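> Given only the sequences and the hints, what does the whole structure look like? Please build it.
Each chain, letter by letter, is given below.
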Amino acid sequence: MSTITAAESASAPAATARKRKPMKGSRSSTTTALLMLLPAAVLLITFLLIPIGLTFGLAFTNARLISPRPAEFVGVDNFTRLFDDETFWASLRNTIIFAVVIVPLQSACALGLALLVNVKMRGVNFFRTVYFLPVVTSMVVVSMLWLFLYQPNGLINQALARFGIQGPDWLGDPHTALLAIILMSAWQAMGFHMVIWLSGLQTIPGDLYEAADLDGADTWQKFRYVTWPGLRATRTFILITITISAFALFTQVNIMTQGGPLDSTSTLVLMAVRTGFQQQQTGYASAISLAFFVLVLAVTLVNRYFTRDKDVVR
Amino acid sequence: MTHTSTTKRVAVGLLAAALPLTMAACGKGGSSSSDASGGGELTMWTHNAGNKAELGAITAIVNDYNASQSKYKVKIQAFPQDSYNQSVVAAAASKKLPCILDIDGPNVPNWAWAGYLAPLEGLDDTLSKYLPTVLGKYDNKTYSYGYYDVALVMVTRKTILDKYGIRIPTADQPWTKDEFDAALKKIKASGDFQNPLDIATSFTGEWWPYAYSPMLQSFGGDLIDRKEYKSAEGVLNGPQAVAWATWFRSLVTDGLVPLKSGADPAKDFINGKSAMLYNGTWTAVDTRKAFGKDTLFLPPPDLGNGPKIGGGSWQWGISQNCSDQAGALDYMKFAAQDKYVASVARDTNNIPATDAAAAQVKGYEEGGENRIFLDYAKKFAVLRPVTPGYPFIATEFTKTAQDILNGADPKQALDSAVKNIDANQKSNGYFQ
Numbered sequence: 032m033s034t035i036t037a038a039e040s041a042s043a044p045a046a047t048a049r050k051r052k053p054m055k056g057s058r059s060s061t062t063t064a065l066l067m068l069l070p071a072a073v074l075l076i077t078f079l080l081i082p083i084g085l086t087f088g089l090a091f092t093n094a095r096l097i098s099p100r101p102a103e104f105v106g107v108d109n110f111t112r113l114f115d116d117e118t119f120w121a122s123l124r125n126t127i128i129f130a131v132v133i134v135p136l137q138s139a140c141a142l143g144l145a146l147l148v149n150v151k152m153r154g155v156n157f158f159r160t161v162y163f164l165p166v167v168t169s170m171v172v173v174s175m176l177w178l179f180l181y182q183p184n185g186l187i188n189q190a191l192a193r194f195g196i197q198g199p200d201w202l203g204d205p206h207t208a209l210l211a212i213i214l215m216s217a218w219q220a221m222g223f224h225m226v227i228w229l230s231g232l233q234t235i236p237g238d239l240y241e242a243a244d245l246d247g248a249d250t251w252q253k254f255r256y257v258t259w260p261g262l263r264a265t266r267t268f269i270l271i272t273i274t275i276s277a278f279a280l281f282t283q284v285n286i287m288t289q290g291g292p293l294d295s296t297s298t299l300v301l302m303a304v305r306t307g308f309q310q311q312q313t314g315y316a317s318a319i320s321l322a323f324f325v326l327v328l329a330v331t332l333v334n335r336y337f338t339r340d341k342d343v344v345r
Numbered sequence: 053m054t055h056t057s058t059t060k061r062v063a064v065g066l067l068a069a070a071l072p073l074t075m076a077a078c079g080k081g082g083s084s085s086s087d088a089s090g091g092g093e094l095t096m097w098t099h100n101a102g103n104k105a106e107l108g109a110i111t112a113i114v115n116d117y118n119a120s121q122s123k124y125k126v127k128i129q130a131f132p133q134d135s136y137n138q139s140v141v142a143a144a145a146s147k148k149l150p151c152i153l154d155i156d157g158p159n160v161p162n163w164a165w166a167g168y169l170a171p172l173e174g175l176d177d178t179l180s181k182y183l184p185t186v187l188g189k190y191d192n193k194t195y196s197y198g199y200y201d202v203a204l205v206m207v208t209r210k211t212i213l214d215k216y217g218i219r220i221p222t223a224d225q226p227w228t229k230d231e232f233d234a235a236l237k238k239i240k241a242s243g244d245f246q247n248p249l250d251i252a253t254s255f256t257g258e259w260w261p262y263a264y265s266p267m268l269q270s271f272g273g274d275l276i277d278r279k280e281y282k283s284a285e286g287v288l289n290g291p292q293a294v295a296w297a298t299w300f301r302s303l304v305t306d307g308l309v310p311l312k313s314g315a316d317p318a319k320d321f322i323n324g325k326s327a328m329l330y331n332g333t334w335t336a337v338d339t340r341k342a343f344g345k346d347t348l349f350l351p352p353p354d355l356g357n358g359p360k361i362g363g364g365s366w367q368w369g370i371s372q373n374c375s376d377q378a379g380a381l382d383y384m385k386f387a388a389q390d391k392y393v394a395s396v397a398r399d400t401n402n403i404p405a406t407d408a409a410a411a412q413v414k415g416y417e418e419g420g421e422n423r424i425f426l427d428y429a430k431k432f433a434v435l436r437p438v439t440p441g442y443p444f445i446a447t448e449f450t451k452t453a454q455d456i457l458n459g460a461d462p463k464q465a466l467d468s469a470v471k472n473i474d475a476n477q478k479s480n481g482y483f484q
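The listed protein sequences derive, respectively, from chains B and F.
Sequential numbering from 32 applies to the first sequence in the numbering used here.
Sequential numbering from 53 applies to the second sequence in the numbering used here.
It is worth saying that the hints were derived from the structure and are not from the lab.
Please read all numbers here as calculations on a predicted model, not as lab measurements.
Don't take every hint at face value.
Here are the computed distance ranges between Cβ atoms for each label pair [claimed, not checked]:
#1 B/234 - F/316: 47 to 55 Å
#2 F/427 - B/171: 38 to 46 Å
#3 B/191 - F/323: 23 to 31 Å
#4 F/237 - B/172: 52 to 60 Å
#5 B/264 - F/285: 56 to 64 Å
Glycine included, every Cβ here is placed at the ideal spot set by N, Cα and C.
Below is the structure:
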């Protein structure tokens with residue numbers, strides 16, 4: 032519907048504008064703006080808005096991936112079933128634990144790395160590259176590698192054995208599986224956030240540090256009163272991007288544990304994919320996606336509230 | 053005024069956009085209409101992209117067929133196995149299925165019910181000579197046939213059994229459950245092997261229902277009540293099923309089976325890490341290479357209701373939306389010859405689906421070293437439940453078996469699987 036309106040309003044004045052060439056004013060610039068908007072709008076509507084709309088609709092039906100039977104409206108059946116499903120609660124719990132742990136862990140480690148590679152010395156580019164390498168490596172490859180590292184007799188446990196520690200079966204034990212996934216995910220993604228922290232660090236003017244030096248500030252004080260406030264905008268950005276990517280946790284889990292053992296690493300996205308594709312329950316999977324959508328929406332609103340609040344205070 | 057011209061332009065734009073599409077459609081329609089007048093190209097999809105031996109064998113059949121007549125030309129498109137089912141489902145949703153395709157046996161009822169597959173007509177005589185487990189049937193119609201089957205075996209070495217004084221079982225006198233447990237415990241007590249038995253828990257996907265549901269069936273349970281295919285109540289969570297689950301978990305807690313096998317269990321067996329290996333007959337080649345005549349391929353133990361093994365492997369069928377059913381059927385008839393059954397089974401090291409083919413494959417002739425595999429397949433094979441709800445049952449069973457192995461409460465885990473399976477059968481109107 033809205034595509035057609037956009038196309039109409041965009042194409043008609045564009046044609047008229049071509050005839051009477053030097054047309055100035057807002058009309059022409061609006062047209063150009065709309066034209067520019069068109070490709071993105073078409074893509075967004077086709078691949079984002081329509082699927083989201085469909086999810087809302089399908090969540091209340093018993094639609095199937097493979098079926099000669101037409102989908103029937105079943106009201107809130109999918110949701111009653113969902114809230115009665117232990118795997119759903121386990122997945123919700125894991126998703127939240129993952130996000131709550133990984134946001135501070137990953138951003139702190141990334142900041143630490145950024146501070147380390149922000150010094151002016153020879154070879155610093157080498158370290159920047161090394162820390163960034165996991166980011167450009169495909170998550171599938173990284174997951175396969177860590178799958179071997181985490182084996183009961185893998186590299187990690189061999190290293191622990193050197194210190195006389197009997198390492199656990201990282202991915203096979205319900206108590207350690209989620210932790211193992213968290214550590215590995217943080218390792219993989221922290222390079223990306225290191226670069227963002229780094230760009231934030233380099234926007235802080237050097238004379239602030241010089242002034243702090245004159246005032247006799249020590250390293251910690253410089254970090255606390257110059258660096259940290261200077262990174263406010265970067266912080267908000269990092270908080271939001273890590274939170275969103277944390278909720279979408281899927282690839283690592285799908286490759287390394289498939290949600291097991293005993294649902295200890297199952298996540299909402301994994302559950303939705305499993306139900307929708309392997310179990311062919313499109314309607315039920317839509318209900319899971321809808322629940323996921325509400326969760327992400329709520330968290331984003333909370334995020335926004337906090338960041339806006341600080342804007343007002345300062 | 054502006055409005056009409058706008059509408060016109062939009063209409064023209066839409067037309068312009070639609071034109072290439074219709075032309076493409078015409079192109080397609082053109083080829084299929086020439087099919088109807090006799091002849092044309094038949095597309096074939098297979099999951100064999102990563103399996104050189106099998107793809108080679110299939111390609112040879114297709115080349116023979118294309119050379120044998122000039123009316124039709126079969127064109128192969130190979131997919132990697134992991135994404136194959138999804139590709140088929142996506143193609144079916146957009147009515148773009150190829151004429152000929154291969155299907156994993158237990159999925160046949162699901163795809164037949166969904167209207168993807170067309171029944172194979174006029175092949176009954178030929179197919180009556182095939183092993184029943186390689187035929188995909190649904191609603192009294194045959195939708196697919198396969199060239200081979202696979203048997204599940206306990207692979208071990210004669211020297212190992214002799215060393216611990218363990219009886220060598222036969223197809224007529226398999227190990228009983230107590231005998232089997234005692235044998236494993238004896239091997240465990242010796243401390244000679246890291247794992248007395250490896251059941252290849254590191255395999256994923258269809259392996260779990262394929263390999264472990266026969267154990268459940270040997271205990272007397274099943275995945276679903278096969279009388280009506282309506283409910284799993286009482287069969288998947290009855291006392292026998294709970295007994296199976298408890299025993300299954302005890303294998304791990306008693307240290308007889310590793311909770312998670314290595315990436316290649318056959319290699320672990322060959323390297324002497326495990327004393328016994330539960331696996332498909334595809335391991336026969338490598339293990340024989342390592343141990344020669346010492347290698348034993350034993351029937352799985354009788355856990356109460358006789359030994360059971362999974363039946364049904366990859367099979368071939370034709371799609372409902374194929375524009376030239378006659379051509380596709382013609383190929384299917386040509387490809388069902390014994391010599392092709394023999395060549396595919398030989399190249400893939402699997403059990404030939406017909407006796408005539410078995411006579412042509414080295415090892416499967418009467419008295420051959422692989423003949424026992426054929427005996428096992430004939431004697432012990434159980435098809436996975438023939439219901440369109442199978443793909444769901446399979447994922448549910450996989451998750452439940454994994455949870456049980458990891459220590460979930462057997463009764464609770466099985467009850468929840470039954471609840472989910474029953475809900476799924478019901479929400480589909482029992483697939484009537």
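> Run every hint past the structure and note whether it holds.
Comparing the hints with the structure gives:
1. B/234 - F/316: 47 to 55 Å: holds (52 Å)
2. F/427 - B/171: 38 to 46 Å: holds (42 Å)
3. B/191 - F/323: 23 to 31 Å: holds (24 Å)
4. F/237 - B/172: 52 to 60 Å: Given range 52 to 60 Å: violated, Cβ gap about 42 Å.
5. B/264 - F/285: 56 to 64 Å: Since the Cβ atoms of residue 264 of chain B and residue 285 of chain F sit about 59 Å apart, the hinted range of 56 to 64 Å holds.
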